[in-house]
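J.: I would like the entire structure built from these sequences, with the hints used as guidance.
Number of protein chains: 2
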Amino acid sequence: MDTRTGLPVVGMIGGGQLARMTHQAAIALGQSLRVLAANPDDGAALVAADTSIGTHTDLDALLAFAKDCDVVTFDHEHVPGDHIRALVAAGAVVRPGADALLHAQDKRVMRQRLGELGVPVPRWAPVRSTEELAAFGAQVGWPVVVKAERGGYDGRGVWVIGSPGEAPAGVELIAEEKVPLVRELAAVVARSPFGQVAVYPVVETVQRNGICVEVIAPAPGLTDERAVEAQNLAIRVATELDVVGLLAMELFDTGSALLVNELAMRPHNSAHWTIEGARTSQFEQHLRAVLDYPMGDTSLTAPVVVMANVLGGEPGGMSIDERLHHMFAAVPEVKVHLYGKQVRPGRKIGHVTALGDDLEAVRASAARAARWLEEGS
Amino acid sequence: MDTRTGLPVVGMIGGGQLARMTHQAAIALGQSLRVLAANPDDGAALVAADTSIGTHTDLDALLAFAKDCDVVTFDHEHVPGDHIRALVAAGAVVRPGADALLHAQDKRVMRQRLGELGVPVPRWAPVRSTEELAAFGAQVGWPVVVKAERGGYDGRGVWVIGSPGEAPAGVELIAEEKVPLVRELAAVVARSPFGQVAVYPVVETVQRNGICVEVIAPAPGLTDERAVEAQNLAIRVATELDVVGLLAMELFDTGSALLVNELAMRPHNSAHWTIEGARTSQFEQHLRAVLDYPMGDTSLTAPVVVMANVLGGEPGGMSIDERLHHMFAAVPEVKVHLYGKQVRPGRKIGHVTALGDDLEAVRASAARAARWLEEGS
Chain A
1 MDTRTGLPVV
11 GMIGGGQLAR
21 MTHQAAIALG
31 QSLRVLAANP
41 DDGAALVAAD
51 TSIGTHTDLD
61 ALLAFAKDCD
71 VVTFDHEHVP
81 GDHIRALVAA
91 GAVVRPGADA
101 LLHAQDKRVM
111 RQRLGELGVP
121 VPRWAPVRST
131 EELAAFGAQV
141 GWPVVVKAER
151 GGYDGRGVWV
161 IGSPGEAPAG
171 VELIAEEKVP
181 LVRELAAVVA
191 RSPFGQVAVY
201 PVVETVQRNG
211 ICVEVIAPAP
221 GLTDERAVEA
231 QNLAIRVATE
241 LDVVGLLAME
251 LFDTGSALLV
261 NELAMRPHNS
271 AHWTIEGART
281 SQFEQHLRAV
291 LDYPMGDTSL
301 TAPVVVMANV
311 LGGEPGGMSI
321 DERLHHMFAA
331 VPEVKVHLYG
341 KQVRPGRKIG
351 HVTALGDDLE
361 AVRASAARAA
371 RWLEEGS
Chain B
1 MDTRTGLPVV
11 GMIGGGQLAR
21 MTHQAAIALG
31 QSLRVLAANP
41 DDGAALVAAD
51 TSIGTHTDLD
61 ALLAFAKDCD
71 VVTFDHEHVP
81 GDHIRALVAA
91 GAVVRPGADA
101 LLHAQDKRVM
111 RQRLGELGVP
121 VPRWAPVRST
131 EELAAFGAQV
141 GWPVVVKAER
151 GGYDGRGVWV
161 IGSPGEAPAG
171 VELIAEEKVP
181 LVRELAAVVA
191 RSPFGQVAVY
201 PVVETVQRNG
211 ICVEVIAPAP
221 GLTDERAVEA
231 QNLAIRVATE
241 LDVVGLLAME
251 LFDTGSALLV
261 NELAMRPHNS
271 AHWTIEGART
281 SQFEQHLRAV
291 LDYPMGDTSL
301 TAPVVVMANV
311 LGGEPGGMSI
321 DERLHHMFAA
331 VPEVKVHLYG
341 KQVRPGRKIG
351 HVTALGDDLE
361 AVRASAARAA
371 RWLEEGS
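Line by line, the protein sequences give chains A and B.
For the first sequence, full-length UniProt numbering begins at 1 and goes up steadily by one.
For the second sequence, full-length UniProt numbering begins at 1 and goes up steadily by one.
I should point out that these hints are in silico values taken from the structure, not numbers from a laboratory.
Glycine included, every Cβ here is placed at the ideal spot set by N, Cα and C.
Treat the hints with care, as some may be off.
[Unchecked claim] Label-pair ranges, simulated between beta-carbon atoms:
(1) B:Q342 x A:V182: 28 to 38 Å
(2) B:K67 x A:G316: 25 to 35 Å
(3) B:S299 x A:A138: 51 to 61 Å
(4) B:D224 x A:R236: 45 to 55 Å
(5) A:R85 x B:G152: 28 to 38 Å
T.: Written out as structure tokens, the structure reads:
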């Protein structure tokens, strides 16, 4: 409890753009997000009054950080489970808990558990040797997708290989069939300790080089039946794993079936569109969920909402400030979110959101705005 | 320029809720608002990473604060004009400038100037003695409204008196006729140094005890002709006075005419509804204006938007956190903004915004939510 305001203190471990945007949502709720950032230049550290500097692997830093928080939650899933258990042993309330979060940290555990629950997933196997990988490839056909069991994100830790010899060395891997997918979807749900769930409309996510570049809400042409199937999968997994806070479920749409790809238990890129595009943003919803407030309305504010990520372009040319000027003039209908990051090629430095009635027009607006910010043209 | 981000630094003098909400908007633009707060517990000081403590009457504090700002602007209009001129002489860019801001600081100057511009205002006179006040009252009829020339806000510094003897002593006053008004309106416009203007839909403001309690956008039943008249008045005054940033113009609607009541040159309570209810919030718009970015779209996101202020209730009973829980459960369609203030009777501690199609339903939602937060019922 913040004695100055009479309102709770939520601590977030990690100071990236997710914490930055959660802080914006916290302000409206009368709070100020407490941030543990690795670096004083992290996106959230630049804007949040109550920032401490420390790494998520430093238990002493975590314990000191958690001390005055009513709830501790996460900007990323890299905090070791034993550290989370130590926080809880010291009296902290941590949401989601270590047992739930493990399924967003370890792909092998996640695949195993989803299989036990009967949730549809790609064919997969843990592979501990070239022989096991060769055997799996012979069974499902090459190429095969191999993934690091832990630590991957944004296309890192994932490789598509044509033969066993191409597998990266020194990493514990799982192998998966390369699913012949039509597109990727995401279903995002928030769940409170009380067990209330609120689910967002299912979206289509568009990837380039393994990085999400565009999200379309709602997913175009998705049947109601299929959308409900995806939402029910997300609700069921959130409930079975006892997730508290947000669960983002990435799905493959093969045309004839849905298969679960990844899970994240925090605000997620596939729901950035909710800031303007839903009555309750994912950031506010995550705070409401971990605080056991009643969940907010997840309905769309427009028939079509498109988010485009802004990736850092090549250095040189126009400054980001000049690009922003031009973007505002050229695409006035778009809303911008910049993360306060130094521009580096391929790095997510912000996103833009467009809303409207016409899918192609809205997509074009978002793409044009992202291009202005990426390339200055 | 913030060298960490390549984006500009806007400094705001004053650390109240207007700075707090401007900081939220700054975050989306990749910035972090620089705040000069009188008190470390001020609403913006609780949430903004880059806060200095100092008063707006302390020139040394102002000079130190302005040093690394690309632009300095205001959360309130109380900074002395000579201090602003000293900032400019020291190389600071201050928007709006001292000559414009004077018209939001001094009601006598404002009335004089609006009269010269032919802008319709209530009949008024500066009154320096009981005799002058008696003469004015004899001319326009009692009761008469008297206002402190400087320093008033939120109903403070305004008195309705039935005879000259009731006038407060020791204050420089102007007297105005008590206009037989049907309702109050507000027109809010943003203007950039380049001279671009963006005007919001005209709203109706509802006052209780001199404090705004409700704002309805757009103003119900206002003819297009009258709305355009109000908007044109605001644009004209912004341009003539060389306002940069937001200008909020409060108007009396007498049924047959519009009369200008007050001017404010900063984000204003009559446009808090724009956070969810307009494509560009007034807070983002103010930043864009003072930075000379192209202005954002001011159109409504729903046919009807209603904002209700949340005033502190009597002490005791439910905590604000409990009230918030109940409010979320009882009125899920409403968005809340709490300012991080200690609850004191009559103090503005937050606001709520409701959107929809049906005026009476939307008003009822907003009122119900405000009542939950004010009274816990």
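J.: Enumerate the violated hints, using their earlier numbering and listing them in ascending order.
T.: Hints 1, 5 not satisfied by this model.
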